[in-house]
Amino acid sequence: MGWLGPEEWSALMLSLRVSFWATVVSLPFGVFVAYALARWRFPGRPILNGLVHLPLILPPVVTGYLLLMTFGTQGPVGSLLAQVGIVFAFRWTGAALAAGIMAFPLMVRAIRLSIEAVDPKLEQAGATLGAPRPLVFLTVTLPMILPGIIAGGILGFAKAMGEFGATITFVSNIPGQTQTLPSAVYAFLQVPGGEPAALRLVIVSIVVAMGALLLSEVVGRRAAARVAGT
Amino acid sequence: MGWLGPEEWSALMLSLRVSFWATVVSLPFGVFVAYALARWRFPGRPILNGLVHLPLILPPVVTGYLLLMTFGTQGPVGSLLAQVGIVFAFRWTGAALAAGIMAFPLMVRAIRLSIEAVDPKLEQAGATLGAPRPLVFLTVTLPMILPGIIAGGILGFAKAMGEFGATITFVSNIPGQTQTLPSAVYAFLQVPGGEPAALRLVIVSIVVAMGALLLSEVVGRRAAARVAGT
Amino acid sequence: RASADEVLVFAAASLKTALDRIAAEFGAASGHEVTVSYAGSSVLARQIQLGAPAHLFLSANREWMDVLEADGRIDPGTRVDLLGNSLVLIGGPNADPVETMGPGFDLMARLGGGRLAMALVDAVPAGIYGKAALEHFGLWAKVKDSVAQTDNVRAALALVASGAAPLGIVYASDAMAEGRVQVIGRFPAGSHPPIVYPAAAIVNGPAAALEFLAFLQGDAAQDVFLEQGFTLPGE
Amino acid sequence: MSLSVKLSHRLPDMELDVAFDAPPGVTVLFGRSGSGKTTIVNAVAGLLRPDAGRVAVGDWVLFDTERGRWLPPHRRRLGYIFQEGRLFPHLTVRQNLAYGGWFAPRGAHRENRDKVVEMLGIGHLLDRRPALLSGGEKQRVAIGRALLASPQLILADEPLAALDDARKAEILPYFERLRDEVSVPILYVTHSAAEVARLATSVVALQDGKAVRHGPAAEVLSDPAVAPAGVRAVGAVLQARVHAHHADGLTELEAGGDHLFLPRIPHRPGETVRIRIAAQEVILANRKPDGLSALNVLQGTVLGIRSGEGPGAIVSVQTRAGMILARITRRSSEALGLRQGMKCHAVIKTVAIAPEDIGGRVIDT
Amino acid sequence: MSLSVKLSHRLPDMELDVAFDAPPGVTVLFGRSGSGKTTIVNAVAGLLRPDAGRVAVGDWVLFDTERGRWLPPHRRRLGYIFQEGRLFPHLTVRQNLAYGGWFAPRGAHRENRDKVVEMLGIGHLLDRRPALLSGGEKQRVAIGRALLASPQLILADEPLAALDDARKAEILPYFERLRDEVSVPILYVTHSAAEVARLATSVVALQDGKAVRHGPAAEVLSDPAVAPAGVRAVGAVLQARVHAHHADGLTELEAGGDHLFLPRIPHRPGETVRIRIAAQEVILANRKPDGLSALNVLQGTVLGIRSGEGPGAIVSVQTRAGMILARITRRSSEALGLRQGMKCHAVIKTVAIAPEDIGGRVIDT
Ligand SMILES: Nc1ncnc2c1ncn2[C@@H]1O[C@H](COP(=O)(O)OP(=O)(O)OP(=O)(O)O)[C@@H](O)[C@H]1O
Ligand SMILES: Nc1ncnc2c1ncn2[C@@H]1O[C@H](COP(=O)(O)OP(=O)(O)OP(=O)(O)O)[C@@H](O)[C@H]1O
Ligand SMILES: [Mg+2]
Ligand SMILES: [Mg+2]
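Protein chains in written order, with the numbering used here: chain A, 1 to 230; chain B, 231 to 460; chain C, 461 to 695; chain D, 696 to 1060; chain E, 1061 to 1425.
Hints are computed from structural coordinates only; laboratory data are not their basis. Just so you know, even glycine gets a beta-carbon here, dropped at the ideal spot from N, CA and C. It is possible that some hints are incorrect.
To be verified - Simulated crosslink set (DSS-like; lysine-lysine; CA at most 30 Å straight-line):
id : chain 1 : residue 1 : chain 2 : residue 2
1  : D       : Lys701    : D       : Lys983
2  : A       : Lys121    : E       : Lys1348
3  : D       : Lys1038   : E       : Lys1348
4  : D       : Lys1038   : B       : Lys351
5  : E       : Lys1348   : D       : Lys983
6  : E       : Lys1403   : E       : Lys1348
Claimed, not checked - From the derived model, a few chain A residues whose C-beta atoms are all more than 12 Å from chain B:
id : residue
7  : Tyr35
8  : Asn49
9  : Leu56
10 : Pro105
11 : Arg133
12 : Phe164
13 : Val185
14 : Val202
15 : Glu217
16 : Ala224
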């Protein structure tokens, strides 16, 4: 794309990579947490629920700061993980972590709503046919909530594509490594006359996210039709 | 609350006011758009869907900037509305507009999922009993999606409480008028020694948002039980 | 005395601590009420461009003031360079001081594979000045791939404070109050373009705005700024 | 008012193509599972838009593809009892019942709610929500909801399938009353031959989306060619007056001078009732039998003998009480030497006239 | 293997409190809508955790509140046919049928899928999803799904209610075969007296959550005190051998030297069949009747007369073919002077022995 400079191009590719992995890795956790919140009654439930929503409520900068304190090289979790070779600080993986955490509440909510819409009577039917709980989940619940998972995943992806505050605070902006599209947009907006360049990048991210949304509509509708049984 | 200074206190009150109105005013639109997206097939549907999601995808600063260009005193819509006495720019109403727009995609998604979970067969039953479409909506669909609307509303409220980028870009950070909690947090974080004050405000906003979430769980569960019929 | 006026000031967020105090003093002394909206200079400048009801603008850099001047949004006669600042190299609590900040300084060795935290080097003033200083000493080319850029200088400070980055370049005023970092070197004034915080009144403002602008240049106000680590322009 | 239906519609696996006029009263759609009954009912209700066709109640055209007319469901004034209940889960039973009334036009004839509630035995459920009801309870509420919507056209898709016999026996008379008193056409889907025989004014026998037979109930049902379970439902309907209740628990009826005994029924002496005598319950004799446990022996004349492909034959016998149908084997028919015009005796067991076959009211014909 | 059930559970409106032993074969739960049948079945399945009780199949305890034992549903090896189908909407019919097999233990007895599919007439539906099935089609798939899960215990909640008579007649033998061949206990809920009479080994009559009567089918059903529609279902079961098929469409059976005629059945000469003769279809005579259309007249001796509160009496008659029950009025009984030990003749119409009452196989007793 001659339209984008090499640095912008690499920011786009990085944003895609970050958002993709943020979504893919956090989705299973999202499904698990959504299921726990939807179907189980346990003492820590309100706390878990609150925790999940925290990134939504907090200004992103605060989330980024908390991430830095926790997952930074000196942070309690970060230093532990560093011993097994997992480093987030200043890596694209950190950007993915930040994006994933910011997108998490959105995914969980979408998936949770779709789980709550599954008639427990069908799950009971699965149990009477000999399927243990986890397999009932895999064979009945999961396929039925697929549209919700797809919707939640794409929503998370879109959110991850737009995430900025937490990412830059946590992993800063290193061209080629952690400089995502929104960071680039932000940088352009800081200097007088940077608007056209920013606009160009904004259009790129809109196109990408809209593409994802359209895709999710199509895939989601097909999945829903499958579930509705037509 | 002696714990909060007068300016912080006013930021909290303003945040509550802004989020409340942002939620209350945008909720009916949210329900309408969600219904349209869930149940109608019309040519502009993908575009509407994309438009609704835009605030989620764009970095908030960009959204704020676009709002400023559009609804500012010199913007095309802003100048028009100013003639009928409606001003958003640099007023708390503008903060509410920004918060509402940022929260809109979340509300719409939550409500849309719950609409899609309503069995159209029940709506058909309503029609055979003589209820025209709008009344079927009011008497069947709406009560059944109440949990989704509550969930979506509270989600929107929580999001509005945490909204920062678009707000500060659109209506600036004027104490008592447009300075919401997150903007105040931001300001404190920009100066040496501001962290304790910022932390105090973060805790306040967590408490408020968690309270709202807990409330939504309780109300939502009661509404869901009503709908499930127990 | 003229009736009490309300003055709305748009100011760079880094001025908050000092300006809050000065505004309170001015309010007590004059009876006018000063309200300050703190945000990034670029955001504020755009808002003023698009008709924000501000009366005074305190920018963290010259470019945005120039833009407003060119647009005719400020009264050029009132524009002053209100404050200055200096650039420092910071490190963790155990970092050794730099003996001579100059071309011979082996910044890469001091980073030890870690990152140098700076504000965005092409967009945010502190980053722009820092990059200029490093270029001045011929260090930029070597170090540029090790730089971690943040959206504002406070975030760069936080990277060093949290230990994520061993070194960072920030304003002296920022480094002052953070206990977890220490200044290990100072960039001489000549190594980068002068760091200036210009101030000006927006056109058609109330007289009280000019009063406050004058007050900002008075001794009482200047003392507060100095106390917060700012310098006076031209020093 | 009569209902006229003409529909054609392509389903993935089947071509639906039917046309029938349903005279006032109950028209039963009868046919195997999957033959298209629900599809037809949905098209009449406006829930399915068929490829082509026309549906009208009297002069009131509900839709007509040729003239481009299409009334949406809510303007068709329906009372649709769905195969799966479809109660509103968020409303109490009381509110479910009231629902149709909220939208009924002012001045429309309204059923008395309390009466319907009592008849359906759902008085104690009024404040519950549907999720807490048993299968049969749900269906009873669904029936009530449809009846209370002041419908101009009643659609019932296997409304009684989930109910126990006793409850069926209680609710059937209500449909009879609707049929007899109100001029609302009723389209009724059922698999139960007893219900068909009891309720049907006319029957449409369906097979693979086509109406294979269509006409008055007795005619269609006595046609051995109508495959599915039809033959067991053949029977004659007699009108009789309650003569006396006896101490041993029997009620004596009088019809055209003949007397019939059956287990006690609740009607008062002098009242007129309608009883169905299933053809297969009738034994014929060529001379007056005695020493039999059967108390009812009616003398009559053979009107006709009609035999299909199977081993059976339907013999119609004119008695003073009315025409009686008997289903016997062709072998017996030959052994007895039955032929038209011959005198014979119809033997009917008292207990064979079951309560569910006794209608409380009479068609005004 | 026998099923033993003991449950007590408080529902908001009702106190469920039952205890019964279900011998091998089919135990029918019988009772009015809302009497607690589904609740009991759910408790046996483990879908509802009752306040107290014990359920065991043979020695295998499914739960026992006293010993704190509780097997989750998936370990109970059930085949549960739900009142509302509950097919998996996201799976095709084929996959729905296969579902239970995915979790059945290796080496478990497996029904032959193709046979079940053919019996249920769902071969052409295998690739469809449930949303596109008619009500009866859904229920047939649900039956198949349960049968193919290699169950140790079959629970059937009104499995045939949504089916047409012909289909019922096709599927009933399958339940009979299950009852007779496999030693799996079957708990069966139905409102249909014909199904009860045909299938039930024992019957539990429920009222308001209590078992008001419980015992062998014939006993419970011939008890006039068992309110709901029970009496019409009383009948005797005879074993007979197919003797010959006649050209006029009749099949001749032989039982203990007596010969019985009925409409052609598909069994080969020499095969043994089980036929049910409903008590209300039998007429008694105190001397051999002639000139009657009924072809079957069996001579026998009155074993006993049992009368309830109503006008009827159940007379048991020992014939060479086996014991036959007749439901007649007390008045007739007196008129004929029936008493124990007396010789009499049982008259049975040929056509009254309907296909649905003929079982293909015999209990090995
Ligand atoms: N979860 C529940 N909470 C409260 N009441 C319930 C619940 N489930 C069932 N009931 C009530 O308990 C009674 C027994 O219900 P159940 O479903 O066992 O009846 P049933 O005998 O199966 O009836 P049907 O033949 O109509 O299916 C009914 O009155 C029903 O309303
Ligand atoms: N939306 C649909 N798309 C495709 N096929 C359908 C659809 N709805 C129904 N069918 C098929 O059309 C046929 C007729 O269905 P319908 O529901 O009208 O049957 P029915 O006569 O009511 O049967 P039952 O007595 O079992 O309720 C069935 O074979 C069914 O599988
Ligand atoms: Mg149907
Ligand atoms: Mg039930």
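Legend entry - Hint check, failures only: The structure breaks hints 1, 2, 4, 8, 9, 10, 12, 13, 14, 15, 16; every other hint is satisfied.
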